[in-house]
Amino acid sequence: MKVSTANRGKLKKGENMQTADQTLDEILTLAAAHFKVPRERLGPDDDFFKTLGIDSLQTLDLLTRLEHHFHVELPDYELQGVSDFRTLASRIQAGCDPDSIPRPPRRAKSGRSWGTIRDTSFPSRVMK
Amino acid sequence: MRTLQEQPRGESHSGHSFRGQAMSWQLKHGTIELALYREPCNELGSLALDELEKFAAALESIQPEAHALIIYSELKCGFCAGADLRELYHGSQGMEKAEALRGVRDFLERIHKVLNTIDAAPLTTIAAVHGVVFGGGFELALACDLIIADKMARFCFPELRLGLIPGFGGIPRLKRDLGNGVVRDLLLTGRSFNATKALQVGLVSQMVGEGEALRAARATAAQLSKFDRQTAIAAKRFIKPIPHEELRQEIDIFCDLFERPAVQAGLKKFVESTEAQPYLP
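Order-wise, the sequence lines are chains A and B.
The first sequence begins at 213 in our numbering and counts up by one.
The second sequence begins at 2 in our numbering and counts up by one.
Worth flagging that the hints you see were computed from the coordinates, not collected in a lab.
Hints are not guaranteed to be accurate.
[To be verified] Beyond 10 Å from chain A on every Cβ pair, some chain B residues (computed): (1) His17; (2) Pro41; (3) Ala82; (4) Gln94; (5) Glu100; (6) Thr197.
[To be verified] Simulated restraints, written as ranges between beta carbons of each label pair: (7) A/Asp233 <-> B/Arg103: 53 to 63 Å; (8) B/Arg103 <-> A/Thr231: 51 to 61 Å; (9) B/Arg87 <-> A/Arg251: 54 to 64 Å; (10) B/Thr190 <-> A/Gly255: 49 to 59 Å; (11) A/Asp267 <-> B/Pro244: 29 to 39 Å; (12) B/Ser226 <-> A/Asp233: 28 to 38 Å.
A virtual CB, placed ideally from N, CA and C, is assigned to each residue, including glycine.
Next comes chain A alone, as it looks inside the complex:
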């Protein structure tokens, strides 16, 4: 699924951390597009189970999409009891903590920049 605005502030390896507001906005945009709910109907403090009308299996689907989108790993137990978008965004922000990301050299010997090296060259972005 492509979200037209979702890549706007998307984290990439080597880029600066995005703000919590950007993360929240991207979550809302992605959820609205995937579950076909008007974006304006979703608020930061809404209960996403109720607002999106999703069950536990669909929640897992959302979790997987968010992990792929933000390049984070979100263990289920870190999300237990989380039901609003704002708290979800804060958990993702915590998972994106740049200090926890193993950083390779900025420029490889070949002269390629980091961004040209395949993702599989490095460990997962965040392992909590």
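Chain B: place on chain A using the hints.
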């Protein structure tokens, strides 16, 4: 995707094909395709087990004409959500403890026999998975030689959260395939992880785009058809021994744990939960 209304009511057999209430299979161009379609998410209960046993029995006569088996789900939610906990819970209510335990052990023995047949089948077996690949569904995939995962697949052994261990051969087969650290992480935390992580740890052989797992599995099966079958069988026997002793221990441990009141209480909370997210500690 199949809807509930479209599910077949009865069974139909014709030569090398079958259509039941939980699954169908057919032999086509040397590949057997086993499709799962039992709503809500291919839970493995007595109906699915009956049909899996029919499949295992039929496999003997079909396999000489086949070189590959692909197992996949037609449901949008995913490959398989695991054992049918509602049936397990309700089935054991009103029974004497010993009788309920006998029923559980019998179920485990039967499904182990089916999964051992799939594990040892003289074919290359491929699980093409997407969405939820949980518990017993994960164990079904682990019985296969290759797992090809849609990028939206999610793997989990949630059993410990209910006071149990995986009972369909999951731990021995996972141990056979992966480092023990990953096995402990999955088992002891009960957490799920996505296909990217599964690829990193070596659980899946290919990760493909959304909706592409079955196509990729068919392409893989087509490639396998070019190889000498006896060589493929010999290679499989050499590199994929079945951990019979540990599988036997797993059944015993599961049954010991199942007897405890805490398990019954956990199952009750899970089954009777009306929340969007069912109870799991």
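Okay, the hints, checked on the actual structure:
1. His17: Nearest chain A Cβ is 33 Å from B/His17, so the label holds.
2. Pro41: violated, 8 Å
3. Ala82: The assertion about B/Ala82 is violated, with a minimum of 7 Å to chain A.
4. Gln94: Consistent with the label, B/Gln94 stays out of reach of chain A, its closest Cβ about 23 Å off (over 10 Å).
5. Glu100: holds, 31 Å
6. Thr197: It is violated; B/Thr197 is separated from chain A by about 7 Å at its closest Cβ, not greater than 10 Å.
7. A/Asp233 <-> B/Arg103: 53 to 63 Å: Holds: the Cβ-Cβ distance is about 58 Å, inside 53 to 63 Å.
8. B/Arg103 <-> A/Thr231: 51 to 61 Å: holds, 59 Å
9. B/Arg87 <-> A/Arg251: 54 to 64 Å: Given about 36 Å between the Cβ atoms, the range is violated.
10. B/Thr190 <-> A/Gly255: 49 to 59 Å: This hint is violated: roughly 32 Å between Cβ atoms.
11. A/Asp267 <-> B/Pro244: 29 to 39 Å: Since the Cβ atoms of A/Asp267 and B/Pro244 sit about 36 Å apart, the hinted range of 29 to 39 Å holds.
12. B/Ser226 <-> A/Asp233: 28 to 38 Å: Violated, at about 54 Å.
The earlier numbered hints that this structure contradicts are 2, 3, 6, 9, 10 and 12.
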